[in-house]
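A.B. asks: Sequence:
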Amino acid sequence: YKLIMQNDCNLVLYYGNIAKWSSRTNGKGLLCKIILQSDGNLVIYNEVQSIWHTNTYCGVEGCIVPSFLSIQNDCNIVLY
Numbered sequence: 001y002k003l004i005m006q007n008d009c010n011l012v013l014y015y016g017n018i019a020k021w022s023s024r025t026n027g028k029g030l031l032c033k034i035i036l037q038s039d040g041n042l043v044i045y046n047e048v049q050s051i052w053h054t055n056t057y058c059g060v061e062g063c064i065v066p067s068f069l070s071i072q073n074d075c076n077i078v079l080y
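With the UniProt record's numbering applied, the sequence shown has no gaps in its numbers, which climb one by one up to 80 at the end.
Be aware that a few hints might be false.
Claimed, not checked - What follows is a list of derived Cβ distance ranges for each label pair:
hint, residue 1, residue 2, range
1, V48, N17, 12 to 22 Å
2, T54, Q6, 10 to 20 Å
3, I35, Y15, 20 to 30 Å
4, D8, E61, 17 to 27 Å
5, E47, D74, 14 to 24 Å
6, G59, I18, 34 to 44 Å
7, C58, G27, 25 to 35 Å
8, I18, P66, 28 to 38 Å
9, K28, I77, 16 to 26 Å
10, A19, I51, 12 to 22 Å
11, I18, I64, 31 to 41 Å
To be verified - Okay, derived cross-link-like pairs now, DSS-like style, lysine-lysine, Cα gap no bigger than 25 Å in a straight line:
hint, residue 1, residue 2
12, K2, K28
13, K20, K2
14, K2, K33
Derived by calculation from the structure, the hints in this document are not laboratory data. From the three backbone atoms N, C-alpha and C, an ideal C-beta is built for every residue, glycine too.
Put together the whole structure using the sequences plus the hints.
C.D. replies: Right, here's the structure in full:
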């Protein structure tokens, strides 16, 4: 599996050449980046603002244990 931020701002999970999941954010900007923030929220930003997020967070103070993203063998993307 590969998780790729494409040039069109779409975050896509590939199995080989087959797209298995996407954030459906294509065409929402340029120079997009994905950030796992210290509060545990996974966010895609374009050049101006956030365009997608998991809406998961530990709280205002941030996480006690650092968060991480994992792609499991069953093709699930899991945020711990």
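A.B. asks: Indicate, hint by hint, whether the structure satisfies it.
C.D. replies: Hints, one by one, checked against the model:
A hinted range of 12 to 22 Å is violated for the C-beta pair V48 and N17, which are about 32 Å apart. One distance hint, 10 to 20 Å for the beta-carbon pair T54 and Q6, holds here, with the actual separation near 18 Å. Restraint check, I35 to Y15: a C-beta distance of roughly 24 Å satisfies the suggested window 20 to 30 Å. About 35 Å separates the C-beta atoms of D8 and E61, a value inconsistent with the hinted range of 17 to 27 Å.
The hinted range of 14 to 24 Å is not satisfied by E47 and D74, whose Cβ atoms lie roughly 35 Å apart. Distance hint check: the CB atoms of G59 and I18 are about 37 Å apart, consistent with the given range 34 to 44 Å. The supplied range of 25 to 35 Å is met by C58 and G27, whose beta-carbon atoms lie about 31 Å from each other. Between I18 and P66 the beta carbon distance is about 31 Å. The supplied range of 28 to 38 Å therefore holds.
The hint said 16 to 26 Å for the Cβ distance between K28 and I77, and at roughly 19 Å that hint holds. Restraint check, A19 to I51: a C-beta distance of roughly 19 Å satisfies the suggested window 12 to 22 Å. Separated by about 38 Å at the C-beta atoms, I18 and I64 satisfy the suggested range of 31 to 41 Å. For the hint linking K2 to K28, the alpha-carbon distance of about 21 Å falls within 25 Å, and the restraint holds.
Between K20 and K2 the CA atoms are separated by roughly 10 Å; this keeps the pair inside 25 Å, and the hint holds. With a C-alpha separation of about 16 Å, the suggested pair K2 and K33 falls inside the 25 Å cut-off, and the hint holds.
Hint check: violations occur at hints 1, 4, 5; the rest are consistent with the structure.
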